[in-house]
Structures are given as structure tokens and as C-alpha cells.
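Participant: Using the sequences and the hints, build the whole thing.
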Amino acid sequence: MEKFTKILETIDGYVWGIPLIVLIMAVGIFLTFRLRLLQIFHLPKALKFMFQNENGGKGEISSFAALCTALSATIGTGNIVGVATAIGVLSGGPGALLWMWIAALLGMATKFSEGFLAIKYRRCLLYTSDAADERISV
208 MEKFTKILET IDGYVWGIPL IVLIMAVGIF LTFRLRLLQI FHLPKALKFM FQNENGGKGE
268 ISSFAALCTA LSATIGTGNI VGVATAIGVL SGGPGALLWM WIAALLGMAT KFSEGFLAIK
328 YRRCLLYTSD AADERISV
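Using the numbering used here, the first residue of the sequence shown is number 208, and each one after it goes up by one.
Just so you know, these hints were derived from the structure itself, not from any lab. Every value quoted in this text rests on a predicted model; they were computed, and no experiment measured them. Here a beta-carbon is modelled for each residue, glycine too, at the ideal position from N, C-alpha and C. Treat the hints with caution; some may be incorrect.
Stated by the list, open to error - With a straight-line Cα cutoff of 27 Å, these simulated DSS-like cross-link-like pairs (lysine-lysine) come out:
#1 Lys265 / Lys255
#2 Lys255 / Lys327
#3 Lys265 / Lys318
#4 Lys327 / Lys210
#5 Lys252 / Lys265
Stated by the list, open to error - Derived DEER-like restraints, expressed as beta-carbon distance ranges:
#6 Gly299 / Gly266: 29 to 35 Å
#7 Gly300 / Ile231: 30 to 36 Å
#8 Cys331 / Ala280: 43 to 49 Å
Facilitator: Right, dumping it as C-alpha cells:
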């Protein structure tokens, strides 16, 4: 069991270390420039659509409610506590906040790409009234 734990710790050191941070930041930089700084130039439009419902839109949920639901699933309590911990407890100070803002800026492009691909490749399943096991893919 000790050997297995040591192997897992070695793998953990490689996966969750500097290479993963570099990979996440590189993907964020790539998507930021590939999307032509989408998170900066389209921010006013995003803020406008956040509080304005679409005309003729289908569904019972407003745009703002859908945004809040998506963000709550993405952000979570851990990120909120993590900011306070990085700034106060670990003595990161303003430098930690700067790097969090940079990571958030790059993360916006990643999150946009993730949402875009989810909508593009989603499949809607319709259930028949005869049997719950039979599904029709649309």
C-alpha cells in the first residue's frame, strides 16, 4: 500500500504541478487571441444582454437567471473562499489578486469556448409517453 501511495503522489506531483498551470494559462492565451479578445471587446454587449430578456425567446427562465445558474455551477464556494485565503491568510496580498484577475481574464475565453461547444454539440432527448426507457434523439 505504501508503494501505491508513493506512485500516486508522484503522478499527482506531475499532474497538479507547474505543467498543468502552464497548460491552462497557454490554452487561455491561445483562446483569447483566437477569439480576438472576445472577453474585452464584447463585454458591453454581454452586460446588456445579461439584464435584457430576448424578444420572442422560448422558455420560462430569464437570461439573468440562466446566467446565475451557470455561474453558480462554475464558480462555487471554493473559489470565493480561495480568494480570501490567498489574499489574507497566505500573505499573497495585491500580487495574488493581480494574478487572479489575469487568470480570470484568460478563463473567460475558456469558459466561452466550453459553453459554445456544449450548445453546438448538445442533443435533446424526447421521452415517449408509452415507456420511459424509450428515447427519441432530436
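Participant: Could you run down the list of hints and mark each one as holding or not?
Facilitator: How the hints compare with the structure:
no. : hint                        : verdict
1   : Lys265 / Lys255             : holds, 19 Å
2   : Lys255 / Lys327             : holds, 23 Å
3   : Lys265 / Lys318             : holds, 24 Å
4   : Lys327 / Lys210             : violated, 45 Å
5   : Lys252 / Lys265             : holds, 21 Å
6   : Gly299 / Gly266: 29 to 35 Å : violated, 42 Å
7   : Gly300 / Ile231: 30 to 36 Å : violated, 23 Å
8   : Cys331 / Ala280: 43 to 49 Å : violated, 20 Å
The structure shown violates the earlier hints numbered 4, 6, 7, 8.
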